[in-house]
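Start from the sequences and build out the full structure, keeping to the hints where you can.
Quick mapping for you: the protein sequence lines, in order, are chains Y and U. Sequential numbering of the first sequence, starting at 136, is according to this note's numbering. Sequential numbering of the second sequence, starting at 724, is according to this note's numbering.
Derived by calculation from the structure, the hints in this document are not laboratory data. The beta carbon of each residue, even a glycine, is placed where N, CA and C say it ideally should be. One or more hints might be untrue.
To be verified - Just so you have them, the derived chain Y footprint on chain U, three or more residues with Cβ under 8 Å: (1) 738–750; (2) 753–761.
Unchecked claim - Rough simulated footprint, nothing fancy, chain U against chain Y, three-plus residues with beta-carbon under 8 Å: (3) 221–230; (4) 233–239.
What the hints assert, rightly or not - Dumping the calculated EDC-like pairs for lysine to aspartate or glutamate here, alpha-carbon to alpha-carbon at most 16 Å: (5) Y:Lys199 with Y:Glu165; (6) Y:Lys235 with U:Glu736; (7) Y:Lys184 with Y:Asp150; (8) Y:Lys235 with U:Glu732; (9) Y:Lys184 with Y:Glu143; (10) Y:Lys235 with U:Glu740; (11) Y:Lys235 with U:Glu822; (12) Y:Lys246 with U:Glu822; (13) Y:Lys235 with U:Glu748; (14) Y:Lys246 with U:Glu740; (15) Y:Lys246 with U:Glu736.
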Amino acid sequence: MTAQTDDELWSAIGDPSRRQVLDLLVNNGEVSASWLAGRVPFTRQAVSKHLVVLERAGLISRRKQGREVLYLVEADRLDQATRAMAELAAQWDRRLGMIKRLAETAHAQNKSKRRPS
Amino acid sequence: MPGLMIDREVLIEAPAEVVWRTITEPDQMSQWFATRVDLVVEPGAHGYMEFGDQGGPVVVEVVDPPARFSFRWNHPRGEEPVAGNSMLVEFTLTPVGAERTRLRVVESGHELLAWPDAEKERYADEHRDGWVEYLDRLADVLAERRSR
Numbered sequence: 136m137t138a139q140t141d142d143e144l145w146s147a148i149g150d151p152s153r154r155q156v157l158d159l160l161v162n163n164g165e166v167s168a169s170w171l172a173g174r175v176p177f178t179r180q181a182v183s184k185h186l187v188v189l190e191r192a193g194l195i196s197r198r199k200q201g202r203e204v205l206y207l208v209e210a211d212r213l214d215q216a217t218r219a220m221a222e223l224a225a226q227w228d229r230r231l232g233m234i235k236r237l238a239e240t241a242h243a244q245n246k247s248k249r250r251p252s
Numbered sequence: 724m725p726g727l728m729i730d731r732e733v734l735i736e737a738p739a740e741v742v743w744r745t746i747t748e749p750d751q752m753s754q755w756f757a758t759r760v761d762l763v764v765e766p767g768a769h770g771y772m773e774f775g776d777q778g779g780p781v782v783v784e785v786v787d788p789p790a791r792f793s794f795r796w797n798h799p800r801g802e803e804p805v806a807g808n809s810m811l812v813e814f815t816l817t818p819v820g821a822e823r824t825r826l827r828v829v830e831s832g833h834e835l836l837a838w839p840d841a842e843k844e845r846y847a848d849e850h851r852d853g854w855v856e857y858l859d860r861l862a863d864v865l866a867e868r869r870s871r
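Spelled out as structure tokens, the structure:
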């Protein structure tokens with residue numbers, strides 16, 4: 136999974152309001168949009184919009200129960216996102232580690248050149 | 724709309740000028756980044772980076788030695804890289820005393836550059852290392868719930 140092909144996924148998680156909705160879903164299992172709206176500082180309409188974005192990114196799914204629509208987190212997709220994110224971060228840590236070694240070696244060499252024993 | 728953002732940093736026992744050369748000179752870059760780097764480090768310069776049998780275009784954005792260096796990559800071949808079709812990599816070097824440098828890298832997929840500096844700082848501060856931890860925490864909570 137590359138960052139580019141999953142732009143929708145990152146955009147979905149990147150928004151602080153959507154994180155709030157996602158947090159509530161992760162912590163409470165299957166809930167309805169009105170239940171969520173009662174627990175966030177934004178409108179029911181905004182909640183619905185965030186749910187659409189989260190669903191499109193594959194992070195949540197919906198199920199009808201009687202007259203209610205319940206939402207729940209897609210655990211596999213979340214796991215996948217977590218792994219991809221950790222891998223990208225690890226990749227930069229490895230690169231920074233190499234830069235550190237190269238720069239420190241170059242610096243040590245410069246110093247010994249300037250002060251020949 | 725905010726997209727992916729990775730924010731990492733490292734403390735290096737070398738002055739900023741030395742770190743600057745390590746991250747911007749093509750023959751150095753090929754040691755920590757791409758397997759082949761064909762790039763002139765000037766704002767707006769188009770270049771090419773090869774990673775094993777894969778490669779792609781790169782465009783330099785900011786060159787402010789020895790403090791800031793940024794480029795865009797991961798955009799489709801033949802297209803101009805702009806916010807939305809590419810990733811922006813920003814290096815910031817901050818001297819710590821005379822002999823050490825804090826090197827920070829931010830890779831983002833959204834229009835950070837177009838934002839006012841204050842907004843950018845606020846967003847970056849809120850997201851410093853937050854992404855990985857946030858997702859880890861969500862995954863943990865979820866795993867716990869499923870095992871109940």
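Hints and how they fare:
| no. | hint | result |
| --- | --- | --- |
| 1 | 738–750 | holds (count 6) |
| 2 | 753–761 | holds (count 3) |
| 3 | 221–230 | holds (count 6) |
| 4 | 233–239 | holds (count 6) |
| 5 | Y:Lys199 with Y:Glu165 | holds (11 Å) |
| 6 | Y:Lys235 with U:Glu736 | holds (8 Å) |
| 7 | Y:Lys184 with Y:Asp150 | holds (12 Å) |
| 8 | Y:Lys235 with U:Glu732 | holds (11 Å) |
| 9 | Y:Lys184 with Y:Glu143 | holds (14 Å) |
| 10 | Y:Lys235 with U:Glu740 | holds (13 Å) |
| 11 | Y:Lys235 with U:Glu822 | holds (13 Å) |
| 12 | Y:Lys246 with U:Glu822 | holds (11 Å) |
| 13 | Y:Lys235 with U:Glu748 | holds (15 Å) |
| 14 | Y:Lys246 with U:Glu740 | holds (14 Å) |
| 15 | Y:Lys246 with U:Glu736 | holds (12 Å) |
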